[in-house]
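**Student:** This is what each chain is made of:
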Amino acid sequence: MTGLQIAFLALSAVMLFAAWKVVTSDIIVHAALWMVLSFVAVAGIFLTLHAEFLFAVQLLVYAGAITALVIFAIMLSDIRELRGEGEPAGAGLGRRVRRLVSRRLGLAPAAVAVGFAAVMYSVYRATPWPGLPPGDPAPSTLAIGRELFGTYVVPFELASIVLLVAMVGAIVLTLREGGREKEEKRP
Amino acid sequence: MIPLSWVLVSAALLFGLGLYGALARTNAVRILIAIELMLNAVNLNLVGFSRYLSPHDVTGQVFALFVITVAAAEAAVGLAIILMIVRQRDVSDVDRINLLKW
Chain A
1 MTGLQIAFLA
11 LSAVMLFAAW
21 KVVTSDIIVH
31 AALWMVLSFV
41 AVAGIFLTLH
51 AEFLFAVQLL
61 VYAGAITALV
71 IFAIMLSDIR
81 ELRGEGEPAG
91 AGLGRRVRRL
101 VSRRLGLAPA
111 AVAVGFAAVM
121 YSVYRATPWP
131 GLPPGDPAPS
141 TLAIGRELFG
151 TYVVPFELAS
161 IVLLVAMVGA
171 IVLTLREGGR
181 EKEEKRP
Chain D
1 MIPLSWVLVS
11 AALLFGLGLY
21 GALARTNAVR
31 ILIAIELMLN
41 AVNLNLVGFS
51 RYLSPHDVTG
61 QVFALFVITV
71 AAAEAAVGLA
81 IILMIVRQRD
91 VSDVDRINLL
101 KW
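From first to last, the protein sequence lines are chains A and D. Here the working numbering is used: the first residue of the first sequence is 1, the next is one more, and so on. Here the working numbering is used: the first residue of the second sequence is 1, the next is one more, and so on.
Just so you know, the hints here were simulated from the structure itself, not pulled from any lab data. Backbone N, C-alpha and C fix where the C-beta goes; we use that ideal spot for every residue, glycine too. Do not take every clue at face value.
What the hints assert, rightly or not - Where chain A lies over chain D, by a calculated footprint (3+ residues, C-beta under 8 Å):
hint, region
1, 6 to 14
2, 18 to 27
3, 30 to 43
4, 46 to 52
5, 65 to 79
6, 84 to 97
As the list claims (entries may be wrong) - Only pairs whose alpha carbons sit at most 20 Å apart, straight line, appear in this in silico SDA-like list of lysine to any residue:
hint, chain 1, residue 1, chain 2, residue 2
7, A, K21, D, V91
8, A, K21, A, V40
9, A, K21, D, R89
10, A, K21, D, I35
11, A, K21, A, L4
12, A, K21, A, W129
13, A, K21, D, L99
14, A, K21, A, T67
15, A, K21, D, I2
16, A, K21, D, S5
17, A, K21, A, V114
18, A, K21, A, V57
19, A, K21, A, G3
20, A, K21, A, L11
21, A, K21, A, V36
22, A, K21, A, A56
23, A, K21, A, T2
24, A, K21, A, A10
25, A, K21, A, A110
26, A, K21, D, T26
27, A, K21, A, G106
Stated by the list, open to error - Pairwise CB distance ranges (calculated):
hint, chain 1, residue 1, chain 2, residue 2, range
28, A, I171, D, D93, 36 to 42 Å
29, A, V165, D, W6, 52 to 58 Å
30, D, L53, A, T24, 33 to 39 Å
31, A, L76, D, D95, 18 to 24 Å
32, A, T24, D, D57, 36 to 42 Å
33, D, D95, A, A68, 24 to 30 Å
34, A, Y124, D, V94, 42 to 48 Å
35, A, F72, D, L99, 22 to 28 Å
36, A, Y124, D, D95, 32 to 38 Å
Construct all of the structure, not just a fragment, from the sequences and the given hints.
**Tutor:** Spelled out as structure tokens, the structure:
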């Protein structure tokens with residue numbers, strides 16, 4: 001087992017554990033912080049796959065921007081996920097068992113998720129995959145730049161329009177009509 | 001050398017975890033986070049296929065870049081909508097957000 005394989009397995013384990021904690025932790029801010037760890041582990045996996053540019057983009061966009069958005073949204077809007085909200089009452093083992101068999105939180109979503117993973121695994125098992133091409137690939141950043149501004153220039157420009165529309169939309173949606181309220185309260 | 005199947009299996013497990021989170025949790029923000037996890041799993045698959053199946057071009061990585069772009073836009077708009085709903089109705093539980101107009 002080479003060092004690269006060990007690094008991949010360790011990053012993959014960190015990623016899956018963090019994702020598990022994202023889904024199961026009781027406090028939503030903790031879930032957001034575990035999400036950061038999961039994103040960083042995914043960035044590391046990109047690095048083991050020789051995708052250096054995506055490593056940087058993953059760190060900047062996911063671990064930086066999206067995390068900041070999520071945490072700002074939680075802090076700004078006082079989103080509480082009360083412990084036990086929407087869950088069976090009680091504590092300890094009894095609550096866990098009731099939670100496991102409840103329709104909303106327990107078996108049905110778990111069955112869907114496990115079923116999906118099992119189907120994908122059987123597909124992967126049945127398909128013959130080619131081995132790794134020999135040699136280290138050339139650094140991919142230059143090639144990505146050429147592709148983005150050559151073959152994919154129209155989708156690239158469309159993506160910038162999508163981002164602009166999303167930004168304007170988010171601002172318009174959350175615009176508080178604060179000035180008018182202040183004027184009404186003053187007299 | 002990392003076998004391609006390792007990448008695919010860990011991506012499938014990550015997608016499964018995100019799917020479970022999106023289905024089982026009821027907090028809107030946590031559902032958005034779970035969706036981001038699923039998009040990450042898709043990106044892992046794209047980068048893996050790009051590295052192993054077509055090592056001489058970077059189409060898969062460019063696709064992953066576009067997925068990241070759309071994910072960022074989706075997070076911004078989704079969180080803005082959640083902020084509005086919380087501000088107007090003071091709920092973030094999707095089971096209680098069941099009216100189109102109020």
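**Student:** Now tell me, hint by hint, if it's right for this structure.
**Tutor:** The hints, checked one at a time:
| no. | hint | result |
| --- | --- | --- |
| 1 | 6 to 14 | holds (count 8) |
| 2 | 18 to 27 | holds (count 9) |
| 3 | 30 to 43 | holds (count 8) |
| 4 | 46 to 52 | holds (count 5) |
| 5 | 65 to 79 | holds (count 13) |
| 6 | 84 to 97 | holds (count 6) |
| 7 | A:K21 to D:V91 | violated, 24 Å |
| 8 | A:K21 to A:V40 | holds, 15 Å |
| 9 | A:K21 to D:R89 | violated, 29 Å |
| 10 | A:K21 to D:I35 | holds, 15 Å |
| 11 | A:K21 to A:L4 | violated, 26 Å |
| 12 | A:K21 to A:W129 | violated, 32 Å |
| 13 | A:K21 to D:L99 | violated, 31 Å |
| 14 | A:K21 to A:T67 | holds, 16 Å |
| 15 | A:K21 to D:I2 | violated, 26 Å |
| 16 | A:K21 to D:S5 | violated, 24 Å |
| 17 | A:K21 to A:V114 | holds, 17 Å |
| 18 | A:K21 to A:V57 | violated, 24 Å |
| 19 | A:K21 to A:G3 | violated, 27 Å |
| 20 | A:K21 to A:L11 | holds, 15 Å |
| 21 | A:K21 to A:V36 | holds, 11 Å |
| 22 | A:K21 to A:A56 | violated, 24 Å |
| 23 | A:K21 to A:T2 | violated, 29 Å |
| 24 | A:K21 to A:A10 | holds, 17 Å |
| 25 | A:K21 to A:A110 | holds, 15 Å |
| 26 | A:K21 to D:T26 | holds, 16 Å |
| 27 | A:K21 to A:G106 | holds, 16 Å |
| 28 | A:I171 to D:D93: 36 to 42 Å | violated, 26 Å |
| 29 | A:V165 to D:W6: 52 to 58 Å | violated, 38 Å |
| 30 | D:L53 to A:T24: 33 to 39 Å | holds, 35 Å |
| 31 | A:L76 to D:D95: 18 to 24 Å | holds, 23 Å |
| 32 | A:T24 to D:D57: 36 to 42 Å | holds, 40 Å |
| 33 | D:D95 to A:A68: 24 to 30 Å | holds, 28 Å |
| 34 | A:Y124 to D:V94: 42 to 48 Å | violated, 32 Å |
| 35 | A:F72 to D:L99: 22 to 28 Å | holds, 26 Å |
| 36 | A:Y124 to D:D95: 32 to 38 Å | holds, 35 Å |
When held up to the earlier numbered hints, the structure conflicts with 7, 9, 11, 12, 13, 15, 16, 18, 19, 22, 23, 28, 29 and 34 and fits the remainder.
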